[in-house]
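4 protein chains.
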Amino acid sequence: MLRFLTAGESHGPELTAIVEGLPSRLPIQTTLIDEQLRRRQQGHGRGGRMRIESDRVEITSGLRFGKTLGSPLTMRIRNRDWENWKEKMAIEGDPPENLQPVTKPRPGHADLAGVLKYHHEDVRNVLERSSARNTATLVAVGAVARQLLAPFGIRIFSHVVEIGGVAAREFPRDIEAIPERAEQSSVRCADPEAEARMIEAIDRARREGNTLGGVFEVVALGVPPGLGSYVHPDRRLDGRLAGALMSIQAIKGVEIGIGFEAARLPGSEVHDEIGYDPAIGYTRRTNQAGGIEGGVSNGQPVVVRAAMKPIPTLYKPLKSVDIHTKQSFEASVERSDTCAVPAAAVVGEAMVAWALAVSFREKFGGDSFEELQAQYQSYMELVKRR
Amino acid sequence: MLRFLTAGESHGPELTAIVEGLPSRLPIQTTLIDEQLRRRQQGHGRGGRMRIESDRVEITSGLRFGKTLGSPLTMRIRNRDWENWKEKMAIEGDPPENLQPVTKPRPGHADLAGVLKYHHEDVRNVLERSSARNTATLVAVGAVARQLLAPFGIRIFSHVVEIGGVAAREFPRDIEAIPERAEQSSVRCADPEAEARMIEAIDRARREGNTLGGVFEVVALGVPPGLGSYVHPDRRLDGRLAGALMSIQAIKGVEIGIGFEAARLPGSEVHDEIGYDPAIGYTRRTNQAGGIEGGVSNGQPVVVRAAMKPIPTLYKPLKSVDIHTKQSFEASVERSDTCAVPAAAVVGEAMVAWALAVSFREKFGGDSFEELQAQYQSYMELVKRR
Amino acid sequence: MLRFLTAGESHGPELTAIVEGLPSRLPIQTTLIDEQLRRRQQGHGRGGRMRIESDRVEITSGLRFGKTLGSPLTMRIRNRDWENWKEKMAIEGDPPENLQPVTKPRPGHADLAGVLKYHHEDVRNVLERSSARNTATLVAVGAVARQLLAPFGIRIFSHVVEIGGVAAREFPRDIEAIPERAEQSSVRCADPEAEARMIEAIDRARREGNTLGGVFEVVALGVPPGLGSYVHPDRRLDGRLAGALMSIQAIKGVEIGIGFEAARLPGSEVHDEIGYDPAIGYTRRTNQAGGIEGGVSNGQPVVVRAAMKPIPTLYKPLKSVDIHTKQSFEASVERSDTCAVPAAAVVGEAMVAWALAVSFREKFGGDSFEELQAQYQSYMELVKRR
Amino acid sequence: MLRFLTAGESHGPELTAIVEGLPSRLPIQTTLIDEQLRRRQQGHGRGGRMRIESDRVEITSGLRFGKTLGSPLTMRIRNRDWENWKEKMAIEGDPPENLQPVTKPRPGHADLAGVLKYHHEDVRNVLERSSARNTATLVAVGAVARQLLAPFGIRIFSHVVEIGGVAAREFPRDIEAIPERAEQSSVRCADPEAEARMIEAIDRARREGNTLGGVFEVVALGVPPGLGSYVHPDRRLDGRLAGALMSIQAIKGVEIGIGFEAARLPGSEVHDEIGYDPAIGYTRRTNQAGGIEGGVSNGQPVVVRAAMKPIPTLYKPLKSVDIHTKQSFEASVERSDTCAVPAAAVVGEAMVAWALAVSFREKFGGDSFEELQAQYQSYMELVKRR
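Protein chains in written order, with my numbering: chain U, 53 to 438; chain E, 53 to 438; chain R, 53 to 438; chain Z, 53 to 438.
Calculated from the structure, these hints are not laboratory results.
Hints should not be assumed to be uniformly reliable.
A pair counts as met if it fits within one copy or between any two copies, since identical chains are not told apart.
Below, simulated BS3-like cross-link-like pairs (lysine-lysine); rule was C-alpha separation at most 27 Å, straight line [as the list claims (entries may be wrong)]:
hint, residue 1, residue 2
1, K436, K119
2, K138, K436
3, K378, K436
All chains, full assembly: derive it from the sequences and hints.
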């Protein structure tokens with residue numbers, strides 16, 4: 053059983069994550085986690101705060117000489133801005149006299165629903181936790197999951213396929229070329245022509261005080277057949293992936309494989325015919341299912357897509373109501389990002405890595421890395437014999 | 053903590069579900085469950101088996117004189133065809149001599165992935181459980197969840213918005229009119245013009261030996277603000293809804309509110325401005341968020357949409373490979389439905405009801421119906437004061 | 053992840069259990085489950101109802117030709133008395149006119165606490181589920197766990213070591229002889245001299261209208277080292293065993309190894325010294341730890357003990373208060389057992405089997421019996437090399 | 053759903069705990085947590101390290117101005133010795149050249165089982181996590197649970213009833229006097245006569261290079277009726293308490309109420325008769341059940357007892373085997389405590405607080421402290437009407 057808890061407020065002293073259920077003796081590198089944190093902080097369309105942050109993880113348990121101990125792994129990410137917030141976000145003691153509670157809930161955020169649910173009188177008590185800042189811990193957790201999966205040949209990448217209505221159309225034939233290009237693109241787009249238009253769209257939106265959403269795709273290569281299960285709804289890999297992706301801030305849609313397109317095509321054009329090649333086993337010429345049939349990975353690349361709404365905070369204000377005075381106002385601006393889709397794609401990779409890792413651990417068990425490797429191999433041999 | 057387990061093979065003696073975590077003294081009616089089972093079995097485009105089935109639930113625990121006891125509720129649904137399968141699906145004893153194992157995995161089903169994962173030699177051992185037949189238990193479980201939510205004014209309906217590329221366009225202004233029309237439509241569509249073209253498309257597909265998928269929308273009215281949470285990813289209502297819907301057979305995409313459309317619009321057109329009316333509290337003129345902001349219900353109708361791929365079993369065959377001989381073949385036909393989107397919409401309602409019920413129980417606790425009612429009311433009064 | 057749900061009222065139509073998480077292709081025999089159900093119904097000191105019951109399990113899912121499918125396994129046990137209770141325990145419809153609600157909570161039962169918690173007005177609504185009758189499903193679930201563990205050489209037995217203050221003293225040197233003797237004893241006691249005095253004590257208690265409790269021991273042989281874990285409290289095997297045993301009706305104490313005796317001895321006499329024999333690996337001359345150190349099985353027999361209080365229902369009445377009139381009364385008698393310790397020992401075995409099976413599945417993963425076997429063997433080879 | 057994860061190695065930089073599921077607006081005081089940490093570090097019979105430590109908690113999330121935010125609460129406890137272990141316990145990088153792996157597993161510890169399970173080559177990789185040092189986080193978690201329960205009048209205390217065979221006999225009549233005395237006793241014993249003999253026994257054991265275990269009792273006052281449930285085994289309060297207590301290092305036995313004594317008495321002397329007093333509701337003259345009947349709290353004080361084995365590390369050595377050379381040796385001494393029962397009692401309180409808090413949250417739900425209070429009150433009124 054692989055599980056995690058994350059904690060931390062956006063302007064609190066630090067973010068924390070504990071990951072429990074890793075096998076022992078697995079190599080984990082802090083630099084590989086930092087690399088993911090760095091990727092999350094990039095992308096054309098981000099405002100000022102991203103540059104302040106430059107996150108780094110500090111591991112404080114579960115690892116010794118670069119290998120897991122089998123015990124829970126703790127990761128901490130400091131909020132570099134904490135010094136400036138020490139009083140307004142003080143853990144204990146009285147509020148500073150000049151504290152201005154936030155009383156203006158922003159449309160499109162958890163603000164109003166959070167205030168009602170938790171009976172808060174200061175919207176800050178909601179937004180500090182609901183903030184996308186906290187996806188940093190998800191990325192860190194995902195970066196650990198990736199390092200669990202990597203030795204088994206599972207590799208996860210993402211690319212942005214749409215921003216503000218501008219869609220990528222031309223993808224490299226070689227799937228390996230997609231992440232290469234995406235990593236070099238400031239909008240994580242593998243179609244250079246679309247990339248240019250996406251950047252344009254972002255720049256235009258910024259000038260207009262507007263924001264843009266988009267769609268990103270996450271691909272996992274090397275996923276063995278047999279992760280997830282059809283035997284009970286809550287064990288399906290597609291359900292877990294969808295749940296994990298939809299749990300990322302601002303995501304409003306999730307697709308697996310060709311997704312909504314599958315609803316429009318006739319059955320004769322949707323399903324992936326099965327072939328067999330003695331050298332490699334069962335084969336498919338297409339992968340419209342996105343690597344999952346009946347809730348189970350089928351050995352093809354796992355392909356998922358998520359739709360992100362535009363960032364709700366706007367220069368161009370939205371109407372809202374003060375929770376104390378009940379007076380109408382035009383919603384204030386807290387930050388200055390125009391488009392966070394490239395960053396969200398990195399968070400999406402992390403959640404996909406996590407969902408796969410959970411199903412991987414569930415399938416293979418094993419308490420040490422050696423045991424997990426032996427188990428993986430004996431399964432793959434069973435598979436070959438089928 | 054509300055939880056369930058379901059069990060049963062498609063041609064086994066019966067399907068079973070146990071629901072644990074209901075409050076005591078809640079009225080539950082078998083007829084209301086049967087009504088949902090009946091709705092699942094209808095719709096233009098279904099083949100012969102649906103007529104055989106005509107499911108009815110039998111409750112064997114957890115209920116006395118029509119009220120819950122607080123103990124687990126068991127529901128059984130007999131498979132009326134069991135008499136004809138008693139030997140081929142015998143629980144114990146040797147297989148009949150003339151047993152023909154299924155060796156031909158169907159593209160688009162769990163067949164091949166399931167055989168690899170579970171090391172089965174007879175594909176029947178997979179398809180009996182992965183079959184959509186088993187959504188009957190989900191509908192039964194959802195029908196219980198509905199009866200938990202109904203006394204609190206929560207009402208869930210669905211309608212089909214797209215089949216085989218034919219999209220509904222004109223919806224009744226009055227949201228209440230949608231379910232009325234949908235219930236009378238053989239394709240569960242509230243737009244009469246689109247309905248006619250959907251029926252046409254299904255009939256044409258049937259003649260061509262093809263199948264069609266589509267998109268359905270589920271709406272929950274009366275959901276109080278505050279279900280779900282932004283404080284941890286696995287407690288978000290949007291994540292739970294997406295996970296639950298994507299866990300239904302053949303679903304490949306899920307949207308909340310305007311979903312993928314939100315990725316295409318600028319921020320200024322996406323978010324739902326907040327108003328206030330002393331008589332009713334906070335108001336919204338739009339509901340593009342689908343009733344969920346920051347993973348928390350905001351008091352607006354919860355609106356989700358799911359994309360169903362076409363049924364994989366085809367008269368028009370697909371290539372596959374025999375798992376024993378490794379010979380290529382053209383995939384066989386096991387059943388004769390052309391389009392199951394209207395039925396899937398009913399399953400979708402059930403899963404939405406379940407996800408809401410889980411979050412509802414989590415928020416309110418309470419061991420008896422009376423206690424739950426008191427808790428609901430005291431919360432709603434707290435909400436009014438904000 | 054291995055999990056179960058049970059359901060059923062004592063005088064309802066039937067009891068049901070669903071077990072989810074079994075590997076596929078595991079042989080399961082109904083007769084071996086029935087054998088455990090039969091053992092639960094025996095023992096000197098039981099009254100009339102046990103003879104009525106004679107439970108048999110019916111499996112209705114998850115099994116085909118005697119092997120698991122990997123899908124959830126459903127077991128049903130009919131309540132043979134249901135015909136006589138159809139009206140008083142009717143699932144739906146109005147109560148019969150002559151229904152006499154139970155209003156007299158019995159001390160020592162869940163009756164009063166249950167009525168308060170669930171707001172019931174008829175104590176029957178509590179006692180029907182809290183009844184020890186429902187341990188039948190636990191025994192059935194445990195009988196499945198045993199069949200999961202048996203192929204790996206894990207064997208679980210129990211014997212009664214104390215009844216009403218009469219303690220067994222002389223145990224066979226050969227641990228294998230204990231279950232042999234216990235199975236032949238009407239009080240499941242392996243010490244013939246104590247057995248005679250236990251029977252005497254029970255007979256005397258019956259004559260006096262009294263009841264007796266006692267202590268039973270459960271032993272699991274063949275448990276590999278490494279089940280459970282010290283890395284997080286909720287993964288410890290000792291915690292799981294204690295939780296599972298204390299969850300059996302009427303159990304008020306649990307010990308592992310020498311238990312409370314360990315609190316009285318000096319450290320020099322408590323711990324099991326470690327030896328090494330090239331032929332078999334690490335050895336111990338003693339097993340005071342009961343096979344668990346640091347929450348992890350150490351390869352020695354797992355030995356647990358549980359204390360059962362006397363059955364609360366008495367011929368010799370106890371004072372209580374009518375929940376409607378608030379009048380004091382002397383508590384009524386519902387059944388006639390004098391001592392149920394031998395039966396509880398069988399339930400104890402079931403819960404130990406379950407807790408071990410959960411930890412076994414957690415450690416080894418594996419979706420098919422073949423995969424699980426390969427994983428078990430590769431781990432045992434890793435162990436040998438240490 | 054209330055849940056926690058803890059992390060940390062005994063000689064790592066720090067211990068961490070995250071608690072998720074607290075209501076918002078609940079007052080939490082760091083000083084009250086520190087007070088519990090201090091209590092854990094005391095007691096006659098502790099060696100040198102305890103004085104080094106003097107733990108203090110630092111809260112880094114989930115709290116603002118002394119009230120919970122509803123988001124996860126993070127607690128960190130620094131290991132003050134970390135400076136001396138930085139190289140030997142380095143998170144990353146190569147081991148220091150002079151690193152001496154621990155190869156000598158100590159009987160009575162997780163050492164050997166842990167090495168086998170996790171395939172470790174250095175026993176330190178086990179003992180760092182299995183160490184009782186890590187109970188500091190449990191105490192911190194429990195101190196939060198206490199602060200959740202305290203506003204509802206639930207108060208938890210402990211006292212030591214036996215050390216090394218010396219049993220307390222004379223308890224103050226007034227239950228309130230027990231904690232008063234216990235807090236002043238260096239062995240946490242409320243019987244002054246036994247206290248003196250316990251201290252003597254510890255001193256003698258220390259002189260002899262031996263260690264002593266004992267038995268402690270934890271009492272929870274003010275627990276409302278209705279926590280836990282009989283409807284499913286895993287929801288019983290007795291099972292949760294037993295599981296939680298048995299998960300503490302070195303605990304080998306758990307009792308509820310009179311525990312094993314209940315197995316020896318006849319039924320007529322075991323059960324707590326029920327009375328009624330219009331002013332206070334249902335009453336009991338005795339509390340042999342320890343406040344739990346049928347797995348549910350009945351409104352009486354919850355009383356549990358746990359048996360702790362003597363600390364395994366001995367001046368008087370035990371035989372063991374080097375895991376690399378397979379040579380026999382006499383087990384080394386790592387620390388110098390003679391008796392840790394008084395400290396374990398404090399850990400026991402924490403685990404009892406946690407188990408109660410979980411059942412309390414499960415019963416009452418509620419997202420804010422205000423909501424929880426309203427829910428508690430409306431339930432207590434329902435109870436009064438019964």
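Are there hints from earlier that the structure breaks, and if so, what are their numbers? Structure breaks hint 2 only.
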